[in-house]
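Protein chains: 4
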Amino acid sequence: MKRIGVMTSGGDAPGMNAAVRAVVRRGESLGVEVYAITNGYKGLVEGEIHRLTSNDVGGILNRGGTMLFSARYPEFKEKEGQLKGVEQLKKHGIEGVVVIGGDGSFRGAQSLSNHGFPTIGVPGTIDNDIAGTDYTLGFDTTVNTVVEALDRVRDTAGSHGRVLVVEVMGRDAGDIAIWSGLSSGAEAIVIPEKPFDINQIIKDLKDGFAEGKNQGLIVLAEGVMPAAELVRQIQEVDHTFNIREVVLGHIQRGGQPTARDRVLGSSFGARAVELLTEGKTGLCVEVVDEEIVTNKFDDIFNNLKHEPKLHLHELNKFLI
Amino acid sequence: MKRIGVMTSGGDAPGMNAAVRAVVRRGESLGVEVYAITNGYKGLVEGEIHRLTSNDVGGILNRGGTMLFSARYPEFKEKEGQLKGVEQLKKHGIEGVVVIGGDGSFRGAQSLSNHGFPTIGVPGTIDNDIAGTDYTLGFDTTVNTVVEALDRVRDTAGSHGRVLVVEVMGRDAGDIAIWSGLSSGAEAIVIPEKPFDINQIIKDLKDGFAEGKNQGLIVLAEGVMPAAELVRQIQEVDHTFNIREVVLGHIQRGGQPTARDRVLGSSFGARAVELLTEGKTGLCVEVVDEEIVTNKFDDIFNNLKHEPKLHLHELNKFLI
Amino acid sequence: MKRIGVMTSGGDAPGMNAAVRAVVRRGESLGVEVYAITNGYKGLVEGEIHRLTSNDVGGILNRGGTMLFSARYPEFKEKEGQLKGVEQLKKHGIEGVVVIGGDGSFRGAQSLSNHGFPTIGVPGTIDNDIAGTDYTLGFDTTVNTVVEALDRVRDTAGSHGRVLVVEVMGRDAGDIAIWSGLSSGAEAIVIPEKPFDINQIIKDLKDGFAEGKNQGLIVLAEGVMPAAELVRQIQEVDHTFNIREVVLGHIQRGGQPTARDRVLGSSFGARAVELLTEGKTGLCVEVVDEEIVTNKFDDIFNNLKHEPKLHLHELNKFLI
Amino acid sequence: MKRIGVMTSGGDAPGMNAAVRAVVRRGESLGVEVYAITNGYKGLVEGEIHRLTSNDVGGILNRGGTMLFSARYPEFKEKEGQLKGVEQLKKHGIEGVVVIGGDGSFRGAQSLSNHGFPTIGVPGTIDNDIAGTDYTLGFDTTVNTVVEALDRVRDTAGSHGRVLVVEVMGRDAGDIAIWSGLSSGAEAIVIPEKPFDINQIIKDLKDGFAEGKNQGLIVLAEGVMPAAELVRQIQEVDHTFNIREVVLGHIQRGGQPTARDRVLGSSFGARAVELLTEGKTGLCVEVVDEEIVTNKFDDIFNNLKHEPKLHLHELNKFLI
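Protein chains in written order, with UniProt numbering: chain A, 1 to 320; chain B, 1 to 320; chain C, 1 to 320; chain D, 1 to 320.
Misleading hints may appear alongside valid ones.
Identical copies go unnamed one by one, so any copy, or any two together, can satisfy a pair.
Stated by the list, open to error - Mimicking SDA-like on lysine to any residue, the simulated pairs with C-alpha atoms at most 25 Å apart in a straight line are:
#, residue 1, residue 2
1, Lys-280, Lys-317
2, Lys-309, Asn-295
3, Lys-203, His-239
4, Lys-317, Gly-279
5, Lys-203, Ile-234
6, Lys-317, Gly-208
Since the hints were made in silico from the structure, they are not lab data.
Generate coordinates for the entire structure from the input sequences, incorporating the hints supplied.
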């Protein structure tokens, strides 16, 4: 394999640039030329492809976002788009491709592989919602960004004897909520993976105030319901709280990657190139028990399950 | 004067704790005992008053929020509440009080002074909307918090070729928007003090994309309209943008104070005590041209005007 | 078990407060009273022991340092000191103790256990140099602090075409250097666990400048030699570099813990109490493959080995 | 004036990139082409000159260091070097130049102006040691960086009952020490502009410990003496402290600029270009009482004096 491509797709995640850098530099050390495919599958189909050298990826290790850009492109679900993509790759002499992104991106990657084009995936999404891997690239950074934001809003909540319901990202996964809630001493963490008892939450908040706490914090995963709705449900049962919702929004997605995401991105990117040069395809690099492993796209979609760390959710209960 | 009180009122602001610490320690150095009045005017009326020593304010210099808590208490607009407040102060042997807060808090402070009770104000609010002072306590920290958040959302916007409309705090003042917008290279800054031209904004965004920018940023002061409304207005004129609103919300208010707010809070707090011991009342400490000055509450309400730095708003136009 | 003690010993590490909080709150949920032993073994021997309630540990989760203080006390190596310690514990009705600290602290803990006093250890040290555990409490925070500092010094190095030799902590372990070096794109990472080739380093630096890099970064673990010495050795071979040493020093040790260290500290602390209530002693809680496990002090001292992630050190070579 | 140059010289300072960006963009809005002169006076003499467009300065507003690089070049003190510089400028059709840097850089700028070449200076240095201006570009960022580091080391000092002597930058000026010391609640701030009394410092430290403080912090300006020397002097008088020196070093210089430095850099850069187009030379833009003003290089060197805010130094005394 003499020439490969690399692209990012779906929502951007901190650490994606670290992975791109690793693809380029590990590639060069293996004698492989690397080409950037910009703007995801849209750029692939439209031929937005250009050479990336070691120099081009200098200084990007600590940057948030993705230097390769990303875009939505539902058309890639159709065979026509996929074949156009393969054609573009061949036109540029590219023999394999690394796709960095989430679940949706991997569907596209699998289709390329099914069309006989060697493809390796790298799980890059802040949501930590990909089957088979303990962590996705960007998750650690996002958790720390959220925790910093929660530290900030607690200052304010504590100054006003207030209860805050903070909605955090995660799509259908509660991982961001669990980790950031436990890290922030939240009185309740509400996630999609576990039913919650609104009366218990209200009781815990009241107990907290009774014991002298000057504020209450509920961390709510977006996959359950909007923050305003949970506030409404709480107020329906109990009107006495000085309660507000906070939606953290886009700030969760950006920012300089943590050390862990830089290391994970570098490891993922390097391994992905190695796999291509070893003739592999249809695989995703993942991390399990601190080891870089591989899983088939097929297994990720059909046989493996993402398991959030529910014992941490449980642990939080004892610490409020 | 042998015994004074200190309280925070209204929205909390980073640097309030620095001011409280300075009141206590400068007080002690002048032989004055300091008492905390917690939860603002509500606590005052209800007698939430206790001694504060030098030790009690150790380690609070770098904390956000206010260790004295704050609360809304519209009842203090009535004479009855005010007289109850004076009574509580006298009961504790307190001869003067420092009130740290915003415009509404100063109304209460003025009424205390009008009832013959020595009162000095300290302008503590993130909004920078108090007449007579160049800066309020908390403003510098909030601007830096907003800028950091804008740096983060730009990562994401740039990865997706997106336009973001970010709504920032400031009540009726555009100061936070002007400073954070200029600091973040915003394509447009929309503030209450200046009419805006939606066609110009759209043109600037388009010019930016045409020149190769991969994103657009509009910083919107909350005093103009909600972010969703500005998005709607833009889309009414032009549907082609990939545009989203972001409401920064409560994270703007908390966080560790910047060096400037720690220094300003320390200067304000120390000067406030000195003024009380000099027999002054009905005044607010403020900062003009880097000097700590005093203005009468009367002038702040009736004769002085807050002037945002419109030349910075103007400057931004040349730099996008 | 109705009453236990908790102490921190040795160098402080971010996350220690999270562990103390978890000991107290998990303890309370199990019906166990918790007592603080302040200033480490010195405080133990001198009877610095007081009750800690759930309220006392409110708001400490995000604080650096240790609220229980720490102190050096070599006298605890002697049997006399140890017996005095046990006596103090019994005098206060304490039936078990959690010791949070590093290798030296565990020697003391083991001696308590050997005297028949139930003792559980929690590995709290920034150096990541304890056998049997993948990570120690504080390591993740320190790595991120170092990476942030390296991002900063790179700004400056790049502005001057300079080579920087940055000495980081870690005692005899290279872990901090490996993680922070890989995260910062260091041209070389010099650690105690691997011999280094000064000519190779010089060649890599020269190659970097030849390829257009505007700076060079060498991350040096303190366990190898002082930064000034490595600068001297490089200059002995090649005088052409604009080279400087930077010793990061104490800033590496403090700061608010990362999410990961807050979660790890909470998990460690909670598990340590549970072990005491289960009648265990002479054990340390550790983390292996993302699971909280236990190892005997004996094994930690004699049979287990700390293994830094040398594959990351290797990986860095391909990415410079 | 149709074509101007911009360069940075001397030590880099956060905000320099904001100033460069403003020179380019304000220049373009005035119909002036801007050229980068890289590596300071060395690059000038050697003809390292290339066109800078609006696009080239996109995304640099929030970067530390200087994208134009900097270098020492004592040879520029000689007339020969200066004339070579003028020649290079003329060769590229450049009619005026903006020099961003400190005192030494302004000497070079003045010599260019004396040779009849229009030159405007921008005070960019972290040390705040330039006559005539209240603040230099980079000072606010550095103070905040130092304060953050002091917050961190205090965590550790407090955990060990330790006194820390922290040496901060500032060359012959005490400004960084005064601002960061007051912001950090330092027990003593030692600066070149004021004699200090070692017995008073020791007394204050002892009083602090006696009143229950668990640590002591001395902030020392590098212009007075090295930290190790002050530690030695203290220990000569009193051996009882657990005392250590910390030299903050290079981390003070880098990092993303604060909002204030981004605004100041933008204002300075824009005004500098305007002055050139107005036919001015031999001037430096400065900030006095929040207004951008100009002073002649001559006055900066000979008639104006830099005044650190000694009242803040005084204020700190009352707050420890």
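Reference check for the pair Lys-317 and Gly-208, CA-CA at most 25 Å: within, between, both, or neither? Within one copy only: 13 Å inside, 40 Å across.
With 25 Å as the alpha-carbon cut-off, assign the pair Lys-203 and Ile-234 to within, between, both or neither. within (11 Å within a copy, 45 Å between copies)
Quick one: Lys-309 to Asn-295, C-alpha cut-off 25 Å, is that within a copy, between copies, both, or neither? Cα proximity of Lys-309 and Asn-295: in one copy and across copies (20 Å, 23 Å).
Lys-317 and Gly-279: within-copy, between-copy, both or neither at 25 Å Cα: Classified as between: cross-chain Cα gap 23 Å, same-chain 48 Å, threshold 25 Å.
For Lys-280 and Lys-317, with the copy left unspecified, which applies at a CA distance of at most 25 Å: within, between, both, or neither? Classified as between; 24 Å across copies, 45 Å inside a copy.
Within, between, both or neither: Lys-203, His-239 at alpha-carbon 25 Å: Result: close within a single copy only, 13 Å intra versus 48 Å inter.
Figure legend: structure checked against the earlier numbered hints; every hint is met.
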